[in-house]
Amino acid sequence: MTSPVFEPWNDPEAKPLIEFQNVTKRFGSFTAIDDLTIGIYEKEFFALLGPSGCGKTTLMRMLAGFETPTEGAIFLAGQDMAPVPPNKRATNMMFQSYALFPHLSIWDNIAFGLKRESMPKPDIEARVDEMLRLTRMEKFARRKPHQISGGQRQRVALARSLAKHPKLLLLDEPLGALDKKLRQDTQFELMDIQEKTGTTFVIVTHDQEEAMTVASRVAVMDNGKIIQVSTPDRIYENPNSVYVADFIGEVNIIDGTVTPNGPDSYSVAWKDGQPPLNVISPTAFSDGQSCHLAIRPEKVTINAEKPADVDNVVQGKILDIAYLGNISTYHVELPSGVVIKAQSANTRRISRRAFTWEDTVWLSWTATAGVLLAN
Amino acid sequence: MTRMSWFNTVSLTLGFAFLYVPMLILVIFSFNDGKLVTVWAGFSTRWYGELMQNEAFLDAAWVTIKVAVASSTIATVLGTMAAYVLVRGGRFMGRTLFSGMIYAPLVMPEVITGLSLLLLFIGIGLDRGVLTIILAHTTFSMCYVSVVVSSRLMTFDRSLEEAALDLGCSAAQAFRLVTLPIIAPAVISGWLLAFTLSLDDLVIASFTSGPAATTLPIKIYSAVRLGVSPEINALSTIMIAIVTIGVITASLANKRQMVRQQRDEQSAVRS
Chain S
1 MTSPVFEPWN DPEAKPLIEF QNVTKRFGSF TAIDDLTIGI YEKEFFALLG PSGCGKTTLM
61 RMLAGFETPT EGAIFLAGQD MAPVPPNKRA TNMMFQSYAL FPHLSIWDNI AFGLKRESMP
121 KPDIEARVDE MLRLTRMEKF ARRKPHQISG GQRQRVALAR SLAKHPKLLL LDEPLGALDK
181 KLRQDTQFEL MDIQEKTGTT FVIVTHDQEE AMTVASRVAV MDNGKIIQVS TPDRIYENPN
241 SVYVADFIGE VNIIDGTVTP NGPDSYSVAW KDGQPPLNVI SPTAFSDGQS CHLAIRPEKV
301 TINAEKPADV DNVVQGKILD IAYLGNISTY HVELPSGVVI KAQSANTRRI SRRAFTWEDT
361 VWLSWTATAG VLLAN
Chain U
1001 MTRMSWFNTV SLTLGFAFLY VPMLILVIFS FNDGKLVTVW AGFSTRWYGE LMQNEAFLDA
1061 AWVTIKVAVA SSTIATVLGT MAAYVLVRGG RFMGRTLFSG MIYAPLVMPE VITGLSLLLL
1121 FIGIGLDRGV LTIILAHTTF SMCYVSVVVS SRLMTFDRSL EEAALDLGCS AAQAFRLVTL
1181 PIIAPAVISG WLLAFTLSLD DLVIASFTSG PAATTLPIKI YSAVRLGVSP EINALSTIMI
1241 AIVTIGVITA SLANKRQMVR QQRDEQSAVR S
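Chains S and U, in that order, are what the protein sequence lines are. The numbers in this note's numbering rise by one with no breaks, and the one at position 302 of the first sequence is 302. The numbers in this note's numbering rise by one with no breaks, and the one at position 147 of the second sequence is 1147.
Read the hints as simulated data drawn from the structure, not as lab findings. Please read these numbers as outputs of a predicted model, since none were measured by experiment. Glycine residues also receive a C-beta, built at the ideal position from the N, C-alpha and C atoms. Mixed in with the good hints there might be a few duds.
A few chain S residues that face chain U, going by a derived Cβ cut-off under 8 Å, partial list only [as the list claims (entries may be wrong)]:
| no. | residue |
| --- | --- |
| 1 | Pro86 |
| 2 | Asn87 |
| 3 | Asn92 |
| 4 | Met93 |
| 5 | Phe101 |
| 6 | Pro102 |
| 7 | His103 |
| 8 | Phe112 |
| 9 | Gly113 |
| 10 | Arg116 |
| 11 | Glu117 |
| 12 | Pro120 |
| 13 | His146 |
| 14 | Gly337 |
Could you build all of it, start to finish, from the sequences and the hints given here?
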């Protein structure tokens, strides 16, 4: 039995939980959000990814109600959110600083929101205990926020923001303050909790690995605009622009001009004296159009001898080796001066490594390895 | 520990001597058994006992305490409100002017403040007494409160208030349940500062008090003009004690808050 694929964005019948319609937000003369339209579906784990200052936090603060759009409208479950103040919204937010109330115990922090809606006392107690169990913080209920560790504080902040059963949970760089190891564990924990509670999560982050790990869809933002929205694998494998390709992971960008030479097949002229590169691209390009070929380093194979029967092969000299333990990245300088990065898994011990600095090597990749981009 | 150089020792001694020798002499002679203020005649607490019998002084002390409690309480409420608006209100028309005007009384000569208040009270036909002194003291001490509270608010993490709103608080609830408990130490030390300022004020009180109500500093001042009595030494010693306790409590409250904040920050960094 196969479980149905969760892809409401491909279903024309599905109605998004959150809709941004031509939303623009200006602070004085600075445009933080520029005519943005997007839908986020129920039960999605949606990541807003971008460098600082790209408007992702503003977008989130508009959902929480701390900012109002200058133009356009935001709908939550079909309701226009403009006149609704933050305390009347079915959204809750987990703050980057966690914003735990220092004068209240962990228990009271989690109960804070429930007490505001005049819930009967036994119900509050039951809900707080449930949240403490969910985040595995039962033992710390009576402590104050400064008596627990950063990772525990992060979990309390999550419990507090989930306690009120929000339709939408906003997470502002929730793992930014944690070290890498703890962050990775917490990412899986977050996904687990999201699945268990079935709440729609919107996460803001500048960490592309984090976005790729947790999200069902990722929106890459730049200068107040969404450049691409897609699933993590499509964002990585089929970026729609050099910006996205460059922002997510490592990439080699080769500039050139295309000549069609078959169905979906193109040859790219790039440097003088080098044979043209063969590329298969589902996107159509016209003859003589300038283009950028984006190739991920792990899709470039490095060989000591010239491989036979490959679509693309170039020769170069190893300039630098970045040894990361599990993998190594080789920076290979071609005779034309272009540096191409190739990655390979270190399946053998380092003392037996085949290549070293200044070695002449051959780089090869298939016609489908790269993505041809117009801009 | 390193030894202090002789230069530092001398400057420290000189400095402290200038500050505290006069007060020390006053305190010592308040325990003098003799009637002459400047001749030591053995230890005794007799002047403290006599002070307790002196109706005029006790009345003045009672007025002083009433005025100090009332004016510092009103000043704390007003000063905290002003600080909150200045720090949180964002940019509004005349904000710079408003903040400048809040702090101006800090540097205003007391004589001018006193005189202008006197003119105001006469102008509106308010009889001078306890009420007018309370109003006057509120006026000059609320700016001290707002300085103390606004410096605390500036380091206050804004997202705490946003979290309260996000969790369903109205703006007023967020202030009462989150902001106020967290800034409470600063508010308390503001209150204590206002209290001590009111307690030892002579100039403004002398402009705004009437025959019906005299504060202790005025009483002492006028008594001294008829000659210093050991009774006044005793009274002054008590006042020094009260003021010292007030100032120490205020700074301890602030210090404890700072230590707690630092500890929180350190544990946040560690984890």
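Against the structure, the hints:
1. Pro86: holds (5 Å)
2. Asn87: holds (5 Å)
3. Asn92: Interface hint status for Asn92/S: holds (6 Å vs cutoff 8 Å).
4. Met93: holds (5 Å)
5. Phe101: holds (6 Å)
6. Pro102: holds (6 Å)
7. His103: Hint holds; His103/S Cβ to chain U Cβ min 5 Å, cut 8 Å.
8. Phe112: This hint holds: Phe112/S lies near chain U, its Cβ roughly 5 Å from the closest one there, short of 8 Å.
9. Gly113: Interface hint status for Gly113/S: holds (3 Å vs cutoff 8 Å).
10. Arg116: Where the cut-off is 8 Å and the nearest Cβ of chain U is about 4 Å from Arg116/S, the hint holds.
11. Glu117: Result: holds, 6 Å to nearest chain U Cβ.
12. Pro120: With a closest approach of 16 Å, the Pro120/S hint is violated.
13. His146: With a closest approach of 4 Å, the His146/S hint holds.
14. Gly337: It is violated, given that the least Cβ distance between Gly337/S and chain U is near 45 Å, above 8 Å.
Of the numbered hints given earlier, the model fails hints 12, 14; all others are met.
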